[in-house]
Every structure is written in structure tokens, then in C-alpha cells.
Amino acid sequence: MSEPIKTDVLIIGAGPCGLFAVFELGLLDMKAHLVDILDKIGGQCAELYPEKPIYDIPAVPYITGQGLCEALLTQIKPFGATFHLQEMVQTIEKIGDPQFRVTTDRGQVFEAKIIVVAAGGGSFQPKRPPIPGIEAYEGTSVFYAVRQMEAFRGKRILIVGGGDSALDWTLNLAPIASHLTLLHRRGEFRAAPDSVNKMMALVGEGKIDLVLGQVSELRGEGGRIAQAVVKRNDGSHFEIACDALLPFFGLTMKLGPVAEWGMAMKDGEYILVDTATFESSVPGIFAIGDINWYPGKLKLILSGFHEAALMAQKAHRYVYPDKRLVFQYTTSSTSLQKKLGVA
Amino acid sequence: MPKITYIDFQGTARTVEGEIGSTVMETAIKNAIPGIEAECGGACACATCHVHVDEAWRASVGDPSPMEEDMLDFGYDVRPNSRLSCQIKVTAELEGLVVRTPERQA
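Protein chains in written order, with our numbering: chain A, 1 to 343; chain B, 1001 to 1106.
Hint data in this document are derived by calculation from the structure and do not stem from the laboratory.
Only a predicted model underlies this, so the values are computations on that prediction, with no experimental measurement involved.
Do not rely on the hints blindly, as some may be mistaken.
Unchecked claim - Covered stretches of chain A, going by a simulated chain B footprint (3 or more residues, C-beta under 8 Å):
#1 161-171
#2 207-214
Stated by the list, open to error - With beta-carbon atoms standing in for the labels, derived distance ranges:
#3 A:51 to B:1021: 21 to 27 Å
#4 B:1059 to A:128: 31 to 37 Å
#5 B:1093 to A:128: 24 to 30 Å
#6 A:283 to B:1005: 55 to 61 Å
#7 B:1005 to A:105: 47 to 53 Å
#8 A:283 to B:1017: 49 to 55 Å
#9 B:1034 to A:150: 45 to 51 Å
All residues carry an ideal CB built from backbone N, CA and C; glycine is no exception.
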């Protein structure tokens, strides 16, 4: 386990609200580390709708999800925030007034004066495919991620999906599997054309099988899969014998440990906050963006931006209890402009 | 207001009126039709408003767009007559439309 990282603020979630929080905190001299379970920055914008248009960012008539994330990254660049990706916060322990020890699922420990929960709809986790009874095989012969490739050597593998994850793992595992079948609903793939071409080449060389259809049933015993029953598009059925099934059906958001950190919640889903400060019921833990609730709450990015600004004002009082906070405008304040690197 | 009939997996038919310009999904949600979930609210970002379009209506309704096909990859029991109902706009030509909801949504 590595040394604890000490910082002013730990931001949970690197979506648009977590990113903009870096800006508001940075203007007030607070440094931040961000933790996010995805392998990229941008949260729902980057994962669910990078290419789709957003029309309601104030002063921005049109911007894509990905475009918004890139613009925010540019805006927060002066503040040098550190990102910890593919990592999820698990436990939060109060060690001061306020101060918190935060531990992630990779064993990294942070010590932060305050925490900002900008977790959106929850952590993105692999979606369970709509195959009846699949839960019985999860972890023994059904896997949603590959942690160690060697575990699949010599196995008969069935990969289901048509996106980059399914194609990447088909290409990675084909050389070590005893047999590999890629199953997809249709002949068109969402994955990068280069990956699709490489996969088709393997099919042409007889090194893997490509089958069109959908899994309707799994057969096996004691968590060990024996066969997947596949329905073709013409309605006929056939079986594929396999030892391991890797379904890549996209990601879905799960609340996860957020509900276990002692904060008052609404319906067990949203963190209740004070609208003057966006602080939760635990002093020193704030919540901004889709994850919070208050009377009149709207799940809009622009709301999360406003919430970040107010949060930073209260955060300053915790991080610099002896400093006076003078409200300044970026337009006219030389000191703010120096921090932004424009003066 | 065109009439739309939703038939559930048990065979129960429910007929409601849709507003021109809205979608088959919105019409279902407004009328509390069971079997359609619309988790993403109609953004073509999930596969939970999935319906099987009656064969007689397939030509009028048309085929899924490429974006819709990408989302249908995540659907349950996807068939050649599958559409995401949030992508079917209600028009006067769809008077009498019949769709079936699958056994479950993804």
C-alpha cells in the first residue's frame, strides 16, 4: 500500500461538475485530487453521449458531451488537479474537524480536509446482459472484465458484444484460448473499424468463429457454464459449448458505497444538501451535481456549476479558517488573473 | 390524435391516443402503459423502451437508424421488427399502429 496522499480537497467523480469544482476551488487557492471509476475524464458526458449535442450550457448554443469535457479541462488547467482513474472510493473515515481518511478499491489512501461528492448517477459498472439466470455463473464462468489474461489460457471462450471492449478482448484472447467465438446480434459493429478488420481477418484464417445471434439461455451446473443457447435472427436455436462467457453490454450507473458514508439521503438515492453551501449532513462533505437533492433541484449541468461555486465558498472556511475570504471577480482581480495565468 | 395499440407479453391490448409530434414512447409513459421503461428519458441512450412493431406496420414505421441499432445491441429479445419507441414519431399515417412490448426490458 502506498503512502497516503494529503490534499485540501478530494473530489469523488470527474464528470463536468467535478471538473468545474476544480476551477472554483482553485480560484480560492484550494488544491484537489479527483477519483473516478472510468478510464477517462468526463463522467456521463464522456461515457454516454460524447458525440451528442448539448444546447443548454449558458452562453454555449451548441456543444457535444466530449467538447464540454475538453473545454472544462482547458479551463481548469491552471490549477494542476491530479486524476486517479479506474479507481473507486470505498470508505470514508472522519479523522479531524473536518478531515477525512479516504480509501479506494486499489488501496490508495487520501487524507483530505474536505470531500466533494460529484458522483452523478453513481459509478459506472458493467451492465448485466438480459440473459435469464446469468447471476448463477458470475465470477465463476461469467466475467464482465478481464483482470488476468492468463486465467483464460486454454479455455473455450464465448465473447458477446459489438463494441470496442468485445473486439479488443477478442483480439487479445484469441491467441491463448483453446477456442474463441464472438457472438453479436448483427453483422455491423460499433467498434473501431480497425479492430473489426483485424477480427474479420482472424475469422478468415479460421482462428476464431463469428456467430450472429443472441444468447437466450445458459446451461451448466454449480456455477460452471457448459453451453450457451443462441437464438439466430431467423428464430432457430443452436448451442455453443464454452468454459467462459465474457458479455460486454455497456456500462450502467450504480450508487455503490455513497449511501454508506453517514450522510442523510433522500429515498436512499440522493445526498441531501443545504442550498447555501451544498454541504451534506456531515460537516466537511459536500455534494454537487446529479448526486444531490434539495427542494427545486434540477439535474442540469448548469445547476451543478452553480452548486460548485457556492461549495467552494464554504470549503474555503474549512481549509483556511484563519483567512478572510474577499469576494472577487475574475474580470477585475489581478490576483485571480495571476492564478489563471492570464495576468 | 392517432390511436396506438400496445400489446403486452401476456397478450393484453391497450389502445390510447397519441399526440402528433410526440413519440410512441412518450405516449406510452403518459398513459401508464406497462412494459416500457424509458430509463434515459428518450435520448436514444438505453434500450428500455424497446418494442416489436406489428408486421403490418413495419413499412410505415421504418427501420432503426444506425444510432438506434447501436442501442438495440443492448436490448432483450431483439428481432428484425424491433424499434426503440422513443425514436418513432407519432404521425397521422400511424393511425391504428400496433406494437408489442417484449417479455422484459434490458
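Results for each hint:
1. 161-171: holds (count 3)
2. 207-214: With 1 residues closer than 8 Å to chain B, the region 207-214 of chain A misses the three-residue bar; violated.
3. A:51 to B:1021: 21 to 27 Å: 25 Å, holds
4. B:1059 to A:128: 31 to 37 Å: 35 Å, holds
5. B:1093 to A:128: 24 to 30 Å: At roughly 38 Å between Cβ atoms, residue 128 of chain A and residue 1093 of chain B fall outside 24 to 30 Å, so the hint is violated.
6. A:283 to B:1005: 55 to 61 Å: 56 Å, holds
7. B:1005 to A:105: 47 to 53 Å: 49 Å, holds
8. A:283 to B:1017: 49 to 55 Å: Since residue 283 of chain A and residue 1017 of chain B have Cβ atoms about 53 Å apart, the given range 49 to 55 Å holds.
9. B:1034 to A:150: 45 to 51 Å: Because 47 Å falls inside the window, the suggested range holds.
Taken one by one, the earlier hints fail for this structure at numbers 2 and 5, listed in ascending order.
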